[in-house]
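Visitor: Modelling step: build the complete structure from the supplied sequences, incorporating the hints.
Spelled out, the chains give:
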Amino acid sequence: MIQYFSVMLIAVGIYGLLSQKNLVKLVVSLNIAELGVNLFIVSLGYVAEGKIPILSPIVNSSSMNFVDPLPQALVLTAIVIGVAVTALALSLVLKVKESYGTIELDEIRGDNS
Amino acid sequence: MNPVWLIALPLGLAFLGIFAGKFSKVFLWISSIINVTLSFFIFNGNGIESYIIGGWAPPYGINLVVNDITRLFLLTINIIFLLALMTTSAEVIKKPEKNSIAFMLSLAAVNGILLTGDLFNLFVFLEISAVAAYIMASSGTEAVSKLASFKYLILGSIASSFYLLGVVVIYASTGTLNMADVVSKVTSMNPDVLLVAGLLMIVGLGVETKLFPFNGWAPDVYANASGRSSTILASVLPIAMISAFLRIIVFMINSGKLNELTIILGVITAVVGEILAFSQKRMKKMLAYSSIAQAGIILTMIGIGSSKSLIGASMLVLNNGFGKLLLFSVASQIMLVVGSDNIDDISGIGRKSPLLSLLFGAGALTIAGMPLFFGFRSKLYIISATIDKSAWIPAIILITAAIEATYYFRWLFNLVKPYAKLSEKRTPIPFGLALAGLIAVFIIIIFGILPQSSLDFFNKIGDLSVQLGNSPMGVM
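In order, the protein sequence lines correspond to chains P and E. The numbers in my numbering rise by one with no breaks, and the one at position 11 of the first sequence is 11. The numbers in my numbering rise by one with no breaks, and the one at position 30 of the second sequence is 30.
The hints are simulated quantities; they were obtained by calculation from the structure and are not laboratory data. Treat the hints with care, as some may be off.
Have a look at the derived ranges for each label pair, beta carbon to beta carbon [to be verified]:
1) P:L76 / E:P428: 52 to 58 Å
2) E:E142 / P:L55: 28 to 34 Å
3) P:V67 / E:I18: 53 to 59 Å
4) P:S19 / E:N342: 40 to 46 Å
Calculated pairs, DSS-like style, for lysine-lysine (alpha carbon to alpha carbon, straight line, at most 27 Å) [what the hints assert, rightly or not]:
5) E:K285 / P:K97
6) P:K95 / E:K389
7) E:K98 / P:K97
Beta carbons: idealized from backbone N, C-alpha and C, even for Gly.
Guide: See below:
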């Protein structure tokens with residue numbers, strides 16, 4: 001079920017990328033799409049009634065009913081990369097604002113012609 | 001010789017470079033020179049080697065794989081990177097650039113892309129190289145470069161997300177991220193799921209390799225970035241990205257339908273790229289579209305996937321790397337002298353510095369595939385590799401080659417026209433460009449005239465592809 005939700009989020013993000021003209025809104029759409037991807041990955045590791053994948057006093061038997069920890073590790077890395085890319089994108093938006101005086105794509109194109 | 005140093009050294013020096021201020025430039029040269037030396041040592045090995053990183057044995061841990069394709073590409077990528085630094089050193093002295101850290105990051109990332117044997121690790125390296133490429137793309141003096149870089153960032157990030165989705169779909173159905181392990185399990189996967197994963201990955205890698213519907217970013221980025229950045233973006237990065245495409249789509253997934261799709265998209269890329277390149281008025285734009293077209297031909301060869309076509313593809317990748325190194329460094333030198341690369345503004349520049357036109361001529365002729373140059377051998381190989389598969393692919397390749405030769409000759413003749421707008425009598429050519437350019441020309445001609453038997457490493461690539469067709473890729 002949650003997989004459908006995350007695919008919807010990706011679709012919303014891509015729709016935003018195609019329809020928006022504001023550079024900051026484009027960055028937000030990008031983040032929404034990335035969020036969808038991350039949710040999808042986390043949902044793959046889900047196990048109903050699953051236990052934490054660490055041997056501890058509470059979970060001391062090595063039954064097979066563990067949550068898959070690898071997708072969570074992947075998502076952690078993907079989130080960090082996403083933050084870095086967002087920071088870079090916003091700094092580029094700042095640079096565009098400095099040189100064009102606007103962050104609306106259609107106004108920038110209007111200036112060129 | 002553990003190849004991890006190829007990645008760790010530039011990455012570590014990039015980190016130190018943040019605190020070193022002006023000395024980060026020195027770090028860039030150190031890391032590049034050491035990487036060339038190390039890759040010579042790695043080139044001398046043979047067979048398939050696997051290096052465990054982090055103490056966990058594959059398929060659970062990450063490993064680096066060195067095979068014959070990797071050896072050749074590693075050596076050329078590091079040499080081209082060093083030559084690109086040399087050819088554009090004059091520009092950096094004239095207008096101080098603060099991008100040394102981005103160049104070091106990209107050097108580490110391209111080595112990582114070539115070496116890694118793990119799907120998620122490849123994603124991380126793709127992202128590092130992409131972030132470095134965004135910074136490089138925004139390095140131009142004009143405001144357009146910032147906007148071009150922003151577009152590239154949006155497209156590139158979405159592409160990486162798609163690639164990650166593909167990786168996760170494969171992980172969910174095979175339970176592993178190690179490429180060699182995936183190859184052994186991929187046949188038992190549901191073919192429809194495999195197709196979805198492969199399509200997601202083609203989109204993801206297609207943006208970076210400039211495959212047709214996803215390559216809208218390339219012309220603006222290549223045309224507006226600073227000289228050193230555009231040289232590295234156009235000559236070093238494509239080799240790494242094509243290698244990633246080859247390993248993921250052809251060696252790992254190896255689905256017939258996706259290979260057909262790659263062939264069709266590659267042919268469209270080549271034709272569209274050549275036609276658009278023909279009508280360009282700016283030199284760097286023309287070179288950018290020509291890069292797109294070359295990438296299209298290379299991807300077509302990769303899609304065909306026979307041993308001969310892979311030899312042709314790897315020859316063409318290297319030829320494109322050296323050729324674009326020469327062309328883009330000449331273009332950035334012209335930008336530096338004239339301040340524009342418009343076809344009318346630069347006519348006759350070649351008369352004022354003959355060496356410049358020699359370098360441009362060598363680059364143009366090898367990309368266009370004239371005899372005596374490496375490009376001729378690679379195009380010949382490509383046509384003989386495709387002619388027994390179907391008649392229309394070699395026909396299209398010949399037509400695109402004809403268009404390519406036409407516009408490259410037009411630019412070359414324009415460069416040596418007897419009258420020029422520029423009033424100075426002579427424009428001296430910087431020492432770095434002359435030396436590195438002549439080395440590149442020498443390499444191109446040596447590869448062009450040596451007998452086939454002495455180019456043993458290309459034949460090894462063919463053998464490797466046959467071997468990979470029979471058994472799972474590499475070792476874990």
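Visitor: Each hint needs a verdict: does it hold in this structure or not?
Guide: Cross-check of the supplied hints:
Checked against the hint of 52 to 58 Å, the C-beta distance between L76 (chain P) and P428 (chain E) comes to roughly 54 Å, which is consistent with it. Taking 28 to 34 Å as the suggested C-beta distance range, the pair E142 (chain E) and L55 (chain P) does not conform, at roughly 59 Å. For the pair V67 (chain P) and I18 (chain E), the beta carbons lie near 38 Å from each other, so the given range of 53 to 59 Å is not met. Taking 40 to 46 Å as the suggested C-beta distance range, the pair S19 (chain P) and N342 (chain E) does not conform, at roughly 35 Å.
For the proposed pair K285 (chain E) and K97 (chain P), the alpha carbon gap of about 25 Å is at most 27 Å, so the pair holds. Taking the CA atoms of K95 (chain P) and K389 (chain E), the gap is about 51 Å. The hint is violated against a cut of 27 Å. Proximity of K98 (chain E) to K97 (chain P) is assessed by CA-CA distance (about 21 Å); at most 27 Å being required, the pair is judged to hold.
Violation of the numbered hints given earlier is confined to hints 2, 3, 4 and 6; the remaining hints are satisfied by the structure.
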